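Respectively, the protein sequence lines represent chains Z and V.
For the first sequence, position 326 (counting from the first letter as 1) is numbered 326 according to the numbering used here, and the numbering increases by one without interruption.
For the second sequence, position 276 (counting from the first letter as 1) is numbered 276 according to the numbering used here, and the numbering increases by one without interruption.
Please note that the accuracy of each hint is not assured.
Since the list can't tell identical chains apart, any single copy or any two copies may satisfy a pair.
[Claimed, not checked] 30 Å max Cα-Cα, derived DSSO-like pairs, lysine-lysine:
(1) K20 x K355
(2) K174 x K289
(3) K39 x K319
(4) K20 x K289
(5) K289 x K125
Hints listed in this document are in silico derivations from the structure and should not be mistaken for laboratory results.
Owing to the predicted nature of the structure, the values given are computational and were not obtained by experimental measurement.
Number of protein chains: 2
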Amino acid sequence: MQFRIIKTNGNARSCVMETKRGVVSTPAFIPVATTGTVKAISTDELKEMGAEILLCNTYHLYLRPGADTVSSLGGIHKFINWDRPVLSDSGGFQVYSLSALRKIEESGVHFRSHIDGSLHFIGPKEAMQIQSLLGSDITMTFDECTPYPSTYEYALRSLELTINWAQKCKENRKEGQSLFGISQGSIFKDLRSESIEKLVEIGFDGYAVGGLSVGEPKEEMYEMIYFTAPLLPVDKPRYLMGIGELRDVLTAVETGFDLFDCVMPTRNARNGTLFTSRGRISIKRTEYKSDRAPLDPDCNCYTCRNYSRGYLRHIFLSKEILSMRLNTIHNLYFYFNFFRNMRKSIAEDTFCNFKTQWEQILS
Amino acid sequence: MQFRIIKTNGNARSCVMETKRGVVSTPAFIPVATTGTVKAISTDELKEMGAEILLCNTYHLYLRPGADTVSSLGGIHKFINWDRPVLSDSGGFQVYSLSALRKIEESGVHFRSHIDGSLHFIGPKEAMQIQSLLGSDITMTFDECTPYPSTYEYALRSLELTINWAQKCKENRKEGQSLFGISQGSIFKDLRSESIEKLVEIGFDGYAVGGLSVGEPKEEMYEMIYFTAPLLPVDKPRYLMGIGELRDVLTAVETGFDLFDCVMPTRNARNGTLFTSRGRISIKRTEYKSDRAPLDPDCNCYTCRNYSRGYLRHIFLSKEILSMRLNTIHNLYFYFNFFRNMRKSIAEDTFCNFKTQWEQILS
Numbered sequence: 001m002q003f004r005i006i007k008t009n010g011n012a013r014s015c016v017m018e019t020k021r022g023v024v025s026t027p028a029f030i031p032v033a034t035t036g037t038v039k040a041i042s043t044d045e046l047k048e049m050g051a052e053i054l055l056c057n058t059y060h061l062y063l064r065p066g067a068d069t070v071s072s073l074g075g076i077h078k079f080i081n082w083d084r085p086v087l088s089d090s091g092g093f094q095v096y097s098l099s100a101l102r103k104i105e106e107s108g109v110h111f112r113s114h115i116d117g118s119l120h121f122i123g124p125k126e127a128m129q130i131q132s133l134l135g136s137d138i139t140m141t142f143d144e145c146t147p148y149p150s151t152y153e154y155a156l157r158s159l160e161l162t163i164n165w166a167q168k169c170k171e172n173r174k175e176g177q178s179l180f181g182i183s184q185g186s187i188f189k190d191l192r193s194e195s196i197e198k199l200v201e202i203g204f205d206g207y208a209v210g211g212l213s214v215g216e217p218k219e220e221m222y223e224m225i226y227f228t229a230p231l232l233p234v235d236k237p238r239y240l241m242g243i244g245e246l247r248d249v250l251t252a253v254e255t256g257f258d259l260f261d262c263v264m265p266t267r268n269a270r271n272g273t274l275f276t277s278r279g280r281i282s283i284k285r286t287e288y289k290s291d292r293a294p295l296d297p298d299c300n301c302y303t304c305r306n307y308s309r310g311y312l313r314h315i316f317l318s319k320e321i322l323s324m325r326l327n328t329i330h331n332l333y334f335y336f337n338f339f340r341n342m343r344k345s346i347a348e349d350t351f352c353n354f355k356t357q358w359e360q361i362l363s
Numbered sequence: 001m002q003f004r005i006i007k008t009n010g011n012a013r014s015c016v017m018e019t020k021r022g023v024v025s026t027p028a029f030i031p032v033a034t035t036g037t038v039k040a041i042s043t044d045e046l047k048e049m050g051a052e053i054l055l056c057n058t059y060h061l062y063l064r065p066g067a068d069t070v071s072s073l074g075g076i077h078k079f080i081n082w083d084r085p086v087l088s089d090s091g092g093f094q095v096y097s098l099s100a101l102r103k104i105e106e107s108g109v110h111f112r113s114h115i116d117g118s119l120h121f122i123g124p125k126e127a128m129q130i131q132s133l134l135g136s137d138i139t140m141t142f143d144e145c146t147p148y149p150s151t152y153e154y155a156l157r158s159l160e161l162t163i164n165w166a167q168k169c170k171e172n173r174k175e176g177q178s179l180f181g182i183s184q185g186s187i188f189k190d191l192r193s194e195s196i197e198k199l200v201e202i203g204f205d206g207y208a209v210g211g212l213s214v215g216e217p218k219e220e221m222y223e224m225i226y227f228t229a230p231l232l233p234v235d236k237p238r239y240l241m242g243i244g245e246l247r248d249v250l251t252a253v254e255t256g257f258d259l260f261d262c263v264m265p266t267r268n269a270r271n272g273t274l275f276t277s278r279g280r281i282s283i284k285r286t287e288y289k290s291d292r293a294p295l296d297p298d299c300n301c302y303t304c305r306n307y308s309r310g311y312l313r314h315i316f317l318s319k320e321i322l323s324m325r326l327n328t329i330h331n332l333y334f335y336f337n338f339f340r341n342m343r344k345s346i347a348e349d350t351f352c353n354f355k356t357q358w359e360q361i362l363s
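Isolated chain Z (complex conformation):
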């Protein structure tokens, strides 16, 4: 993978990641295709709205249908009908957030499947093996997502484990796949600092900050964003994992982060919360009952080009499947448009204005 900085504006930067399956322009939003589909929409719709990369969940695909099955079906790209880059997370976060009966030891984690309660073990070697079978373009190191709150002692031990695992992931890295390291350390600056230092020593194709947005107050999260960004190598992609609220994104881009993933825009869409150029709306509100206008008059997405608020309200209240799809198309289009305009503002040295303007709309 080639990584090039195209333009900086303050610490904000616009870059390109060149993979053998295509280019990703950053700052980039990575839609989450948990089980191999971004919920409610097709990969053709993702292409049409400008998605350049997807995230698939190692934990989910490992449990069902199984990494060997994905492999025998031609690998993740063929499996999900997507020929652009795929990033696979390592499973660390889902083991932490979804599975029961976690038992962490030196070599990895024993856990029970959230689907059928069956017992499983994933460690750094297994995580790399699974991601190799999936055939993703960018793989992630296996980490322990340190819970919040944690004591300093717990966070330290957890961090040491994660660094140890990162080393093992590097050793088990497969040819043809990029590998990003994940920083942990909870909200302790010296641990974050140590974490990044050790990761850089090992050497990765990109660096991620994990373990944020796991329950800590926003101020703590922002402090960690401000603190970690300058520590990350300039010449590699910087990925702020699991964060996608637009205000958070603006702050993180300002500090120099490049990549973001989040289920929020798609989950909100399915719950009827929609983004517009004037702020969020809840489509179920009575005021939209006979409203012939599109969701967002300034939006050019498929949903806004073809349907009225009145119809979208109706199919949402009727719990129609099409509602989730049209809402998801709109929210993701909105996100891609936001990121496109953000990259443009960096190119034009107007990121600061862009940020201020959007902070007003979003407040």
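With chain Z held as given, fit chain V onto it using these hints.
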């Protein structure tokens, strides 16, 4: 509406219905857009697979969002983003099958909404008024869908009511909308005969046979199909309501029916039962786990062109929304293809072979 017979082959016939919103070639399958969407797919997908007409449910749209709301949103076509013909049923069937506390009287039916239990009244005048507000191209008379089994006496009284209502519907018919009459009479031949005779006396743009496939044995249903078809005027469309199993369709087309609607292919799709050129399959079966082949190697639908059985099984088991969509696209494409080939067989005087061949596949 213009109706022309293009070709007959025995009693089977291929015709065109010309409406101001486009042509419908028959025998035609009419997908059911109950609440204003064919479940799980978009109107663009319906166009792409060749749908020429949709059915919307008066009962559903009357209760939610309300016919006045559909009207103020520009009418049914604008509302659902579909510029081709729409047929609206009259609500009679849903009052019978969905609502609680029906009380039938001379002027119409009192019933409770299945959504919120609220009290409502629909009679022939109201049904025509609602369908006028919707702005459908083809409207249906308001009928009592006679339950099965019914005594002769009940069926007779019910039939008289339905004929009376049909007369009132005709009187309340709105300019610019076609109106089809619906025959009832349960499984009693003399009542069916009388029903059709009276409808023809009143005079409609098309004639439907209702009240079948409501629990009666197949043989009784077939006998009614054989019996009623020759009684229906030759020069008008003949619509067998609510019937769409392909074996039944073959029999009905053989007797001279033109139009069919049924939720079965779409409902089956959502339940993972899929039609192929070699018969039905259940996509959840273990044998498809690592199967790289498309659902049906002979099918050219979007689903078969882009996805493997293994992926379709996986997203079905994962209860992904995309599963319902891809399955629905496949099943409806299969149906439209079946009907296209059936029309071709009539054009080429080979309908009998077509029927025999498909009866073998479907048995």
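My question is about K39 and K319: at a cut-off of 30 Å on alpha-carbon distance, are they close within one copy, between copies, both, or neither? both (15 Å within a copy, 10 Å between copies)
Homo-oligomer pair classification [K289, K20; C-alpha up to 30 Å]: between (48 Å within a copy, 29 Å between copies)
My question is about K289 and K125: at a cut-off of 30 Å on alpha-carbon distance, are they close within one copy, between copies, both, or neither? Cα proximity of K289 and K125: across copies only (25 Å, versus 55 Å in one copy).
Which holds for K174 with K289 at a C-alpha limit of 30 Å: within a copy, between copies, both or neither? Answer is between: at 26 Å across copies they meet the 30 Å cutoff, but 55 Å inside does not.
If the cutoff is 30 Å on CA atoms, where do K20 and K355 land: within, between, both or neither? Let me know, please. neither (33 Å within a copy, 51 Å between copies)
Checked against the numbered hints above, the structure breaks only hint 1 and satisfies the rest.
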